[in-house]
Amino acid sequence: MIPSPGDGWIRLSPRKLLLDPFKAVGQAIVPVVVALIGISRSDMRFWPFIVPIAILGPLVLGAIPWLTTHYRLTDTQIQVRRGLLNKSTSTAPLDRVRSVDLEASLLHRILGLQKVEIGTGVDDDRITLDALAAVDAHALRTTLLRRREVGQVPTPLDPREPVPTPLDHQGSLLAQIDWSWLRFAPFSLARLVLLAGAVGVLSQFGDDLPIWNEETATSLWEWITQFALAAVAVVVAIGALATWVLVSVAGYVVQWWNFRLVREHGSLHLTTGLFTTRSITVEEAKVRGVEMTEPVLMRLVGGAELSTLATGVEDGVTQVLPPCPHDVAISVGAAVLEHTGPLTDPLVAHGPLARRRAWLRQVRASLVLISGVAVAVWWFDEPWWWTAVVALVVLAVSALAGESSYRHLGHALADRHLVAGSGVLARIRTVLETDGIIGWVVTQSWWQRRIGLADLTATTAAGAERVLVRDVRLDVAVALADRATPGLLTDFVEA
Amino acid sequence: MTDTGGTPVLRAPAHQVSPRAVAFWTVSALIGDAVLVLGALLAWLLVPGMPGWVGLLVLLVAALAVAHVVLMPRIRFRVHRWEVSDTAVHTREGWIGRQSRIAPISRVQTVDSRQGALMRLFGLASITVTTASAAGPLTVNCLDADTAREVVARLTAITAATEDDAT
Chain A
1 MIPSPGDGWI RLSPRKLLLD PFKAVGQAIV PVVVALIGIS RSDMRFWPFI
51 VPIAILGPLV LGAIPWLTTH YRLTDTQIQV RRGLLNKSTS TAPLDRVRSV
101 DLEASLLHRI LGLQKVEIGT GVDDDRITLD ALAAVDAHAL RTTLLRRREV
151 GQVPTPLDPR EPVPTPLDHQ GSLLAQIDWS WLRFAPFSLA RLVLLAGAVG
201 VLSQFGDDLP IWNEETATSL WEWITQFALA AVAVVVAIGA LATWVLVSVA
251 GYVVQWWNFR LVREHGSLHL TTGLFTTRSI TVEEAKVRGV EMTEPVLMRL
301 VGGAELSTLA TGVEDGVTQV LPPCPHDVAI SVGAAVLEHT GPLTDPLVAH
351 GPLARRRAWL RQVRASLVLI SGVAVAVWWF DEPWWWTAVV ALVVLAVSAL
401 AGESSYRHLG HALADRHLVA GSGVLARIRT VLETDGIIGW VVTQSWWQRR
451 IGLADLTATT AAGAERVLVR DVRLDVAVAL ADRATPGLLT DFVEA
Chain B
496 MTDTGGTPVL RAPAHQVSPR AVAFWTVSAL IGDAVLVLGA LLAWLLVPGM
546 PGWVGLLVLL VAALAVAHVV LMPRIRFRVH RWEVSDTAVH TREGWIGRQS
596 RIAPISRVQT VDSRQGALMR LFGLASITVT TASAAGPLTV NCLDADTARE
646 VVARLTAITA ATEDDAT
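Residue numbers (our numbering), protein chains in the order written: chain A, 1 to 495; chain B, 496 to 662.
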C-alpha cells in the first residue's frame with residue numbers, strides 16, 4: 001500500500017529488515033572473519049562477548065534505517081524523512097518529478113523489493129527509497145508520473161474539448177529484445193575493458209601463486225619452444241577468442257534480459273536485466289536529441305547503439321537500446337525524435353582542407369610514437385630497421401584512422417535538428433533539436449585561421465552539453481548557425 | 496543540402512575592452528614570465544656541469560618571454576571585443592587563436608563579475624555570463640569597472656524578467 005495524499009508518514013517495506021542485515025554482513029564479512037581468527041588465536045576468553053556482537057550487530061544496524069526512514073505524499077509534494085541523530089527531510093514538488101527509476105538487485109528480487117529513485121531534474125540529488133515492496137514501487141511510479149502529466153495538461157476551457165483520456169497502462173512498445181541481436185555481443189568491445197580489468201586483478205594473485213615463479217616460467221618457455229610454437233599460438237588465440245565470445249554473450253544476456261522500451265505517460269520507459277533489474281524513465285519533454293554510435297567492429301556486422309540526450313537528468317546521456325541492428329536504432333531514434341531525416345539524411349562533407357587536418361591530426365600522434373620507438377631502438381642498440389618497420393605500420397594505421405575520421409565528419413540541418421558526424425574509428429551521429437541550442441561558440445586555432453576553417457560548437461543543457469561540428473569552413477559554420485537558430489545571429493552577421 | 500550563395504561573416508562585436516587592459520596584461524605576463532626565465536637562468540647557473548647549448552635554450556626562452564610580454568597584450572586588445580544587444584550577448588577573445596561566443600539573453604542563467612587584486616589596481620573587472628550548458632560561459636575580461644557594473648545591472652534586470660528555466 002502506498003499512502004494516499006494527506007495520509008501520515010509510513011515506513012519502507014518491513015522486508016527491508018531482512019535486506020539490510022544481509023548487506024551489512026556482506027560488507028563486514030571479511031574484517032569480521034579476520035578479527036575472529038586473530039582473536040581466536042590469541043585467547044578463548046573473549047568468545048562469549050564476540051559471538052553475540054557479530055550476530056546482533058548487523059541485525060541492529062540493519063533495523064535502524066527501517067525504523068528511522070518514513071515517507072509520505074501530500075497533495076503537492078513527496079517527502080522523505082530519515083536519520084537517527086542527524087535528521088533530514090527531503091521534499092520534491094510532485095509537478096517537478098522528472099524521472100522515477102526502479103532498480104532491484106538479486107537480493108531485492110528474492111525478497112520482492114524494489115529500490116525507487118525519484119529525480120526532480122534541475123538539481124543533482126535524487127530522492128532514494130530503498131526499498132519498497134515491488135507492488136508499491138510500481139504503484140508509486142505510476143502515481144508520480146501520472147500526477148506530473150495531469151499537472152501539465154491545462155484544464156480544458158472549451159467544454160467541447162475532450163477530457164484527457166485515462167492513460168493506458170501498456171503504452172506503446174518501441175522496442176524489445178530480439179535474441180538474434182546476440183550476434184552483436186562479441187563485436188561490442190565495451191565489455192573487453194572489464195575483462196582486461198578482471199585479468200589484471202587475477203594476475204595480481206598470480207604473483208602469489210607458488211607455481212608461477214621464474215623457474216616454472218623458464219621451463220614452460222623451453223617446453224613451448226620445443227613444442228611447435230605456432231600450434232601453441234593458435235590454441236591460445238582460439239582459447240582467448242572462445243572466452244571472449246562466451247563472456248560477451250553472457251554479459252549481453254545478463255544486461256539486456258527482458259529488455260523493453262515503452263513510451264507511456266509522456267516518458268520513455270526502459271526495463272531490463274536478468275539478475276539486477278533496472279527500470280529507467282526519461283521524460284520526453286526533456287529529450288533534446290539522440291546519439292547513434294556505430295563502433296568500428298559493429299559496423300562490420302551492421303550494428304549500432306542509441307542514446308538519448310536529455311536535460312535535467314543526472315547523466316544526460318542514457319543508452320536506450322542494446323547493440324542492435326542499424327535499422328532498429330534508426331527506427332527507434334526516429335520515433336523518439338518524431339522525424340526520420342536527422343538519422344538518415346546524408347551529411348555535408350567538410351572538404352579537402354578538413355581531410356588534410358584529419359590526416360595530420362592522426363599522423364602527428366603517430367610521429368610522437370615513432371620517435372619514441374626510434375629513441376628506444378637507438379638506446380638499446382637494436383638494428384635500425386626495427387624503427388622502419390614500426391614507422392611503416394604506425395603510419396599506415398594512422399593514415400587509415402585519418403581517412404576514416406574524415407569520412408565520419410560532417411553536418412546537416414534536417415527537420416529542425418542539428419546533425420553532427422564525428423568519431424575516429426566509430427561512426428557517431430549526434431542529433432540535437434535546434435530548440436535545445438542555447439548558444440554558439442566559433443573557435444579557430446592559428447592553423448585553422450590560415451585555411452579558413454573553424455570548429456563550431458552548439459552549446460546545450462542536454463547530454464554532454466555541447467555538440468561539436470569540427471573543421472567546417474567559417475562561412476558555412478556561420479550560415480549553419482544562422483539557419484539553425486533563426487534570429488539569434490541576425491544582429492551579428494554581415495552577408 | 497548545398498552552401499548558400501552569399502558568404503556570411505560574423506562581424507566583430509561593437510565594443511573594445513578598457514585600454515588599461517593592455518597595461519594589466521603586460522604586468523601580469525611580466526610577472527609570470529619573469530618567474531619562468533629567472534628559474535631557468537638559476538638552474539643553468541647553479542646546476543654544475545651544464546653543457547653550453549643549455550645557455551642558448553635559456554636565451555631562447557628569454558626572447559620568447561619578451562615577445563610574449565610585448566606582443567600579447569597589444570594583439571589581445573585588438574581581438575577582445577564584446578556586445579550586448581537586446582536579444583543576445585556576443586564576445587570575441589583570443590590572441591593566437593580566435594573564439595567567438597554568442598548566447599541568447601533569454602537563456603542566460605547567471606551574471607557574475609570578478610575583480611582580482613591586480614585588476615583592482617588598474618580599475619578593471621571581468622564579467623562572466625553563464626547558461627545552462629557547461630560549454631557555454633561567456634567571459635569579457637578587463638572591462639572598465641564602471642562599465643562592468645552597468646552591464647551586470649542591465650543583464651541581471653533582463654534575466655530576472657525571464658520566467659523560463661532556460662534549458
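Accuracy of the hints is not assured; some may be wrong.
[Claimed, not checked] So, partial list: chain A residues that the calculated Cβ filter (under 10 Å) puts toward chain B: (1) 128; (2) 408; (3) 447; (4) 454.
[Stated by the list, open to error] Computed list of chain A residues with no C-beta within reach of chain B, every gap over 10 Å: (5) 111; (6) 133; (7) 379; (8) 441; (9) 466; (10) 475; (11) 479.
Derived from the structure by calculation, the hints contain no laboratory data. In this text, a Cβ means the ideal position worked out from N, Cα and C, and glycines have one as well.
Cross-check of the supplied hints:
1. 128: Where the cut-off is 10 Å and the nearest Cβ of chain B is about 24 Å from residue 128(A), the hint is violated.
2. 408: violated (18 Å)
3. 447: holds (9 Å)
4. 454: holds (8 Å)
5. 111: holds (39 Å)
6. 133: holds (35 Å)
7. 379: The claim holds: residue 379(A) sits with its nearest Cβ about 19 Å from chain B, beyond 10 Å.
8. 441: Incorrect as stated: the minimum Cβ-Cβ distance to chain B is 5 Å, not above 10 Å.
9. 466: At roughly 4 Å from the nearest Cβ of chain B, residue 466(A) sits no farther out than 10 Å, so the non-interface label is violated.
10. 475: Given that some Cβ of chain B is not farther than 10 Å from that of residue 475(A), nearest at about 4 Å, it is violated.
11. 479: At roughly 5 Å from the nearest Cβ of chain B, residue 479(A) sits no farther out than 10 Å, so the non-interface label is violated.
Going through the hint list in order, the structure does not satisfy hints 1, 2, 8, 9, 10, 11.
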